[in-house]
Amino acid sequence: MSIDLQTVKKIASLSRISVSDAEAQAMVPELNNILGWVEQLGEVDVTGVQPMTAVIPNHQRLREDAVTDGDVRDKVLANAPQAEHGFFAVPKVIE
Amino acid sequence: MPNSTDKNALTDLTVAEIRDGFRGGAFSAREVAEAFNANVAAAKALNAFIVETPEKALEAADAADRAKAAGEALKPLAGVPIGMKDLFCTEGVQTTAASHMLEGFTPTYESTVSKKLWDAGAGMLGKLNLDQFAMGSSNETSYFGNVISPWKRKGGDNAALAPGGSSGGSSAAIAARLCPAATGTDTGGSIRQPAAFTGISGIKPTYGRCSRWGIVAFASSLDQAGPMARTVRDNAILLESMAGFDPKDSTSLDLEVPRWEAGLSSDLRGRKVGIPKEYRPDGLNAEIAALWDRGIEWLKDAGAEVVEVSLPHTQYALPTYYIIAPAEASSNLARYDGVRYGQRDLPDGAGLQDMYAATRAAGFGPEVKRRIMIGTYVLSAGFYDAYYTQAQKVRALIARDFELAFEKCDLLLTPTAPSASFALGEKQADPLAMYLNDVFTVPASLAGLPAMAVPGGLDAQGLPLGLQIIGRALDEQSVLNAGLAIEERAGFAARPEKWW
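Chains as they are written, first to last, in the numbering used here: chain C, 1 to 95; chain D, 1 to 500.
The hints are simulated quantities; they were obtained by calculation from the structure and are not laboratory data.
Owing to the predicted nature of the structure, the values given are computational and were not obtained by experimental measurement.
Don't be surprised by glycine CBs; every beta carbon is placed ideally from N, CA and C.
Some hints here could point you the wrong way.
Stated by the list, open to error - Pairwise CB distance ranges (calculated): (1) GLY263(D) to VAL76(C): 27 to 35 Å; (2) THR68(C) to GLU297(D): 36 to 44 Å; (3) ARG280(D) to PRO57(C): 56 to 64 Å.
As the list claims (entries may be wrong) - Straight line, CA to CA, 16 Å or less: simulated EDC-like cross-link-like pairs of lysine to aspartate or glutamate: (4) LYS248(D) to ASP65(C); (5) LYS75(C) to GLU110(D); (6) LYS152(D) to GLU488(D); (7) LYS92(C) to ASP354(D); (8) LYS75(C) to GLU91(D); (9) LYS498(D) to ASP157(D); (10) LYS369(D) to GLU23(C); (11) LYS92(C) to ASP348(D); (12) LYS369(D) to GLU30(C); (13) LYS272(D) to GLU297(D); (14) LYS272(D) to GLU403(D); (15) LYS92(C) to ASP249(D); (16) LYS248(D) to GLU84(C); (17) LYS115(D) to GLU91(D); (18) LYS248(D) to ASP69(C); (19) LYS9(C) to GLU110(D); (20) LYS427(D) to GLU30(C); (21) LYS10(C) to ASP354(D); (22) LYS427(D) to GLU367(D); (23) LYS75(D) to GLU110(D); (24) LYS75(D) to ASP157(D); (25) LYS272(D) to ASP410(D); (26) LYS115(D) to ASP249(D).
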């Protein structure tokens, strides 16, 4: 399976990374090399094998349903590129 | 113990020697902190630190000195200054993951592992440089520039060498005596490979031993914090303070932290060490193969029985890793959207989607973009099963290989990396060649097993080579003990000649 310029642009768009045509062009062979190399996994017989989801057996814990955090609005906003009136600010999204 | 006025001698001490010398009154904690602060300040040429925090080191030292003067019980790491990889969030101190994206990010909270270390009395010398978002094996992807290894090839070759990665600031700083120990994180070898490249030791504990809370996430099913230092004992000391249950990390193991330092013993009688035959491919570097053979003899000398074992899926570990790690990274790094923290790039008239794309184009380096895009692709509709599900199945087979091998032995001995350190720039043009650095370290990461690198000797160029010990899940003690047996027999005392 090999990917072309259009696919690279689609992946970049899904990744929310803007790329120029030249950058996308340069990525075509790079990504194809890496994907071509990982495709060797297809030759492994995995009949009856369950996909691994946890490396070390561990149980999911339940915690008490209680408020243990919060009331830290200013801390949460402290590193925002733009915060106004106690909110994160973003470009206008509704006309 | 050194004379308290000899600053060089203080920075040559191990963590254990600093701890014990401070307790015994041979020197004050402030003298130690000042000596390391001076070494850090004088080593700009290595570019090991992104932020230096001499005042934090002095503050912790003064607290230790005051506690001692008042006759209070001393904390386990009282008087010991350390370096903190800049992947651990530190309250009030910039945390960047060596990225432009997080330049200026000043956490309002402290990572669990760093907090545990400060609570144990350690002081912070600064935030250590690394590969950007911990993605790299040579520390060449940092937005803040390459870390330069303190080591040089012998014979007048002046090439700047790689300190390994991603914990390259940590490895360079320890080898250059800028700090006696440091934190690292290891996703596919990021503690062990840099340790091997710089002639120091480092251990990646069992997945879940150290909390991931507050560590900038790369691949969450693989990321594990661990210590790096010059001796096995120092690693045991540090790990005791770093490990432990944390309800804020859903994969944290709710287990007592063993007394690893007290349990150290290099007597390996009755232990079986497996030598995985798949780790000796055709074309394995002859000096690495010879060191491995010496390692086998050292472990036999310590009383261990050596047996050959097979890990048949070894060759698939790297491609499995390079599906799973980018997949998880693409998901984890989706948080960098220019809204909540970090950089924002808002072109004139741009809408929200354009802002995301511009922010991420400007904030991420080429290797980070490459991995996010690989991850996005293997998780995308139509390809998920062929790539990601298949990789998760092969990962299960790799873990089963280890389980079966550990029916025949207690530990595994392998090389740490396929080569000694290489020159900066030498492998950067080819991402795949760089990925192959992790060929011996990635399998244990995929299986979540504890694994340690210890220095074994120098190659013909005068550069350090390391051996790796892999243990059963939760059996860090046996890993440390075998590491100690090698350390005692290798007698590795080489250090880089100061040029910086």
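The hints, checked one at a time:
no. : hint                              : result
1   : GLY263(D) to VAL76(C): 27 to 35 Å : 42 Å, violated
2   : THR68(C) to GLU297(D): 36 to 44 Å : 54 Å, violated
3   : ARG280(D) to PRO57(C): 56 to 64 Å : 31 Å, violated
4   : LYS248(D) to ASP65(C)             : 14 Å, holds
5   : LYS75(C) to GLU110(D)             : 13 Å, holds
6   : LYS152(D) to GLU488(D)            : 25 Å, violated
7   : LYS92(C) to ASP354(D)             : 12 Å, holds
8   : LYS75(C) to GLU91(D)              : 11 Å, holds
9   : LYS498(D) to ASP157(D)            : 15 Å, holds
10  : LYS369(D) to GLU23(C)             : 11 Å, holds
11  : LYS92(C) to ASP348(D)             : 12 Å, holds
12  : LYS369(D) to GLU30(C)             : 12 Å, holds
13  : LYS272(D) to GLU297(D)            : 13 Å, holds
14  : LYS272(D) to GLU403(D)            : 15 Å, holds
15  : LYS92(C) to ASP249(D)             : 36 Å, violated
16  : LYS248(D) to GLU84(C)             : 30 Å, violated
17  : LYS115(D) to GLU91(D)             : 9 Å, holds
18  : LYS248(D) to ASP69(C)             : 11 Å, holds
19  : LYS9(C) to GLU110(D)              : 38 Å, violated
20  : LYS427(D) to GLU30(C)             : 14 Å, holds
21  : LYS10(C) to ASP354(D)             : 15 Å, holds
22  : LYS427(D) to GLU367(D)            : 13 Å, holds
23  : LYS75(D) to GLU110(D)             : 19 Å, violated
24  : LYS75(D) to ASP157(D)             : 45 Å, violated
25  : LYS272(D) to ASP410(D)            : 5 Å, holds
26  : LYS115(D) to ASP249(D)            : 14 Å, holds
Consistency note: the structure conflicts with the earlier hints numbered 1, 2, 3, 6, 15, 16, 19, 23, 24.
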